[in-house]
Amino acid sequence: LTAGKDFSAAPDVRGWPSTPTVPARVCRIEDETTAGSVEARMAAHLAAAWQMAARMAGRSPHDGEALGVVFASTKGSVEDSVWSKASPPRLDDTLTPVLRRFLATSDLQPRRTVCVSNACSSNHVALQLAGFWLRAGAVREVLVLSADHVGPFVVNGFAALRSLAPERVTPFAAGRQGIQLGEAAAALLVTLPGPAALCRIHAVDTRVEGHALTRSRESGATLEEACVLACDGRTPDVIVAHGTGTEANDAMEDAVYRRLFATVPVTCTKWSVGHTLGASGAVDLIAACEMLRRGEVFRIANTEAPDPAFAARYLTRQARWSGPPPARALVASVGFGGMHGAALVELA
Amino acid sequence: MRVHTIPFPAATPPAWTARVQRWEQLDAASFAVADAFETWGEPMPDAFLLANRSASNAADEKFARLGAQSPSRFVTTLPSVSLSPLLQLTGWVGLMICVQDGPDTPATALAEARLLIEAGAARRVGIVQYEIGPQAVTVRYQVVT
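Chains as they are written, first to last, in the working numbering: chain H, 1 to 348; chain X, 1 to 145.
Heads up, some of the hints might be wrong.
Anything over 12 Å on all C-beta distances counts as not near chain X; from chain H, calculated [unchecked claim]:
{"id": "1", "residue": "K5"}
{"id": "2", "residue": "R14"}
{"id": "3", "residue": "T19"}
{"id": "4", "residue": "K75"}
{"id": "5", "residue": "R90"}
{"id": "6", "residue": "V125"}
{"id": "7", "residue": "V190"}
{"id": "8", "residue": "C199"}
{"id": "9", "residue": "E209"}
{"id": "10", "residue": "G210"}
{"id": "11", "residue": "L213"}
{"id": "12", "residue": "R259"}
{"id": "13", "residue": "P325"}
{"id": "14", "residue": "G338"}
Here are some chain H residues pointing at chain X (derived, C-beta under 8 Å) [said to hold, decoys possible]:
{"id": "15", "residue": "L129"}
{"id": "16", "residue": "A160"}
{"id": "17", "residue": "H202"}
The calculated lysine to any residue pairs, modelled on SDA-like cross-linking and capped at a C-alpha distance of 25 Å, are [what the hints assert, rightly or not]:
{"id": "18", "chain 1": "X", "residue 1": "K62", "chain 2": "H", "residue 2": "V22"}
{"id": "19", "chain 1": "X", "residue 1": "K62", "chain 2": "H", "residue 2": "S18"}
{"id": "20", "chain 1": "H", "residue 1": "K5", "chain 2": "H", "residue 2": "R215"}
{"id": "21", "chain 1": "H", "residue 1": "K85", "chain 2": "X", "residue 2": "Y141"}
{"id": "22", "chain 1": "X", "residue 1": "K62", "chain 2": "H", "residue 2": "S81"}
{"id": "23", "chain 1": "X", "residue 1": "K62", "chain 2": "X", "residue 2": "A121"}
{"id": "24", "chain 1": "X", "residue 1": "K62", "chain 2": "H", "residue 2": "R14"}
{"id": "25", "chain 1": "H", "residue 1": "K85", "chain 2": "X", "residue 2": "Q25"}
{"id": "26", "chain 1": "H", "residue 1": "K85", "chain 2": "H", "residue 2": "A40"}
{"id": "27", "chain 1": "X", "residue 1": "K62", "chain 2": "H", "residue 2": "V38"}
{"id": "28", "chain 1": "H", "residue 1": "K5", "chain 2": "H", "residue 2": "Q177"}
{"id": "29", "chain 1": "X", "residue 1": "K62", "chain 2": "H", "residue 2": "P20"}
{"id": "30", "chain 1": "X", "residue 1": "K62", "chain 2": "H", "residue 2": "P89"}
{"id": "31", "chain 1": "X", "residue 1": "K62", "chain 2": "H", "residue 2": "S87"}
{"id": "32", "chain 1": "X", "residue 1": "K62", "chain 2": "H", "residue 2": "T21"}
{"id": "33", "chain 1": "X", "residue 1": "K62", "chain 2": "H", "residue 2": "V13"}
{"id": "34", "chain 1": "H", "residue 1": "K85", "chain 2": "X", "residue 2": "I132"}
{"id": "35", "chain 1": "H", "residue 1": "K5", "chain 2": "H", "residue 2": "A53"}
{"id": "36", "chain 1": "X", "residue 1": "K62", "chain 2": "H", "residue 2": "A86"}
{"id": "37", "chain 1": "X", "residue 1": "K62", "chain 2": "H", "residue 2": "A53"}
{"id": "38", "chain 1": "X", "residue 1": "K62", "chain 2": "H", "residue 2": "P88"}
{"id": "39", "chain 1": "H", "residue 1": "K5", "chain 2": "H", "residue 2": "A301"}
{"id": "40", "chain 1": "H", "residue 1": "K85", "chain 2": "X", "residue 2": "Q135"}
Note that these hints are calculated values from the structure, not bench results.
From a predicted model like this one, the values you see are computed outputs, not experimental measurements.
In this text, a Cβ means the ideal position worked out from N, Cα and C, and glycines have one as well.
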C-alpha cells in the first residue's frame, strides 16, 4: 500500500463452470494449493494468518476455557458445492465447515465458536460480537478470523451487477468504474485492554437499514450513526474508508465524512488489494493499525484527484500529509442488505 | 414461538409488496420474512439474529443453476439481505447478526441472544429462522428477553 502497488490481475477463467461476461480483475492469495477444495484452501489460509498473528502477539491462546473464535465470511466455501447439478441441495451453511477444518488442524480448543455472514461488513460484525463476548465475561480472548475466496460464483455475481472495473480501480475519483475483487484471510486476537496489546479498538458499531437490497441511503445516515457511536466524541486522525470505487458507495461515504470530519484525511485499501468481501474490514483494520504503529499513512495511489463533487479530504496520489503521525483511525464498512459498520482504533 | 407458512411464489401479491422496491425479484426467504411480520403485526426487537442452518443455499443454487448471470438473483445470495424487505417496510435500523453453526445454528443463536442481553447490547432479541420447501416457506420467530 505504501509503495502504491495495485496487486490485481485478470483471473485465469479456464475451467470455470461459468465465465464472466465482462472483464474482471482479482487480487489472489498466492499459494501452492491449486488443487483441492476451497474449504481446505480457506482453512489453510486462515491457519497461516493465525500463525502470523500469534507470532506478532508473542503467544498462543491455549486455554480452551477462555478462548472464543468468530469466523466472518460472505460466501465461505460456496464454490465447492454450488455448481454440482447432481448433488442434492446442501443442507448446511458454507462457513461452518471452513471454521471446523481450521480448528481441527490447529491446537486451539475454544470454549465458544460461531460464524458470522453479514455481507461485506462481516468482519465488523464479528468484532462487535467479540466485544459482547468479552464484556459479558463469556471468554477472555476472541480470535476473529475473516476470509473469502474469489471464484466464478463471486466474479459472475459482480459481473452481473456491472460493478466490476475493467481496469484499475480509482476510488473517489470522477469517472470511477467500480470494484476489483480480492482474496484475503485475516486473524485478529482481541482481548480486554492489557500491556501486550498492539492497538486498542476503542469501539465498534454496526447497524442495518432497509433502504434497498444493495444500495445504502444516499444521505449515508446509517453509516453516520455508526461512525458517531464508534468515535464517541473522539476525532480520528485518519479515516480508512470502505472505498469500493463504485459511483453510489463513494458518494454516500463522501456525504458522511464531509459532514462529520471534513478536514480528516481519507484513504482506503481496495484500489490495491481489491475488495476482499467479508475479510475487507479486517484488512482495513490491520492496515489502520499498521499506519498507527509506523506513524505513516498510505494513499489512494490509483486516484490522481478526487471527484470535484466531493468535499471530504482524500489522500490521493498528489495529496500531502501535513499533520503529526496518526494516533487514531476510523475504519468504515458497508455491505449489501443495508449493512454499515465503523470501528475506531487507537495506539495502545 | 411464532410460525408462519406462505406459498412461494405467491399466487397473488400481498398488499405490503407495494411498499417494497422490486418486490417481484425477492427470493423466498426475504419474501416470507416480510410477509410473516406483516401478518403478525409483531413489534420489532432491539436486535435481530438471523439463524438459518442452510443460510442462503437456496438462493445460491438458483443463481448458479440459472447460469450465474442474474443480478437480482445474485443480490439474494447473502443471508443478511433476507431481512431487507422487512426493514424497508418498518424503517427499523439496528443491530443484526447472521449467525451460522451448521446443524447447531438454532441452539447457538439462542445462546448468542442471551449473551447479547447479558452484555447489555439489547433487551429484546428476535431470532428469525426459515425453512424453504419446494412450494412454501416457513418462518419461525422467537423473542428472547
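Status of each hint after checking the structure:
no., hint, result
1, K5, "holds, 30 Å"
2, R14, "holds, 17 Å"
3, T19, "violated, 9 Å"
4, K75, "violated, 7 Å"
5, R90, "violated, 5 Å"
6, V125, "violated, 6 Å"
7, V190, "holds, 14 Å"
8, C199, "holds, 22 Å"
9, E209, "violated, 5 Å"
10, G210, "violated, 2 Å"
11, L213, "violated, 5 Å"
12, R259, "holds, 17 Å"
13, P325, "holds, 34 Å"
14, G338, "violated, 6 Å"
15, L129, "holds, 6 Å"
16, A160, "holds, 4 Å"
17, H202, "violated, 17 Å"
18, X:K62 to H:V22, "holds, 21 Å"
19, X:K62 to H:S18, "holds, 14 Å"
20, H:K5 to H:R215, "violated, 29 Å"
21, H:K85 to X:Y141, "violated, 32 Å"
22, X:K62 to H:S81, "holds, 12 Å"
23, X:K62 to X:A121, "violated, 36 Å"
24, X:K62 to H:R14, "holds, 23 Å"
25, H:K85 to X:Q25, "holds, 23 Å"
26, H:K85 to H:A40, "holds, 22 Å"
27, X:K62 to H:V38, "holds, 20 Å"
28, H:K5 to H:Q177, "holds, 19 Å"
29, X:K62 to H:P20, "holds, 17 Å"
30, X:K62 to H:P89, "holds, 10 Å"
31, X:K62 to H:S87, "holds, 14 Å"
32, X:K62 to H:T21, "holds, 18 Å"
33, X:K62 to H:V13, "holds, 21 Å"
34, H:K85 to X:I132, "holds, 18 Å"
35, H:K5 to H:A53, "holds, 24 Å"
36, X:K62 to H:A86, "holds, 14 Å"
37, X:K62 to H:A53, "violated, 38 Å"
38, X:K62 to H:P88, "holds, 13 Å"
39, H:K5 to H:A301, "holds, 8 Å"
40, H:K85 to X:Q135, "holds, 20 Å"
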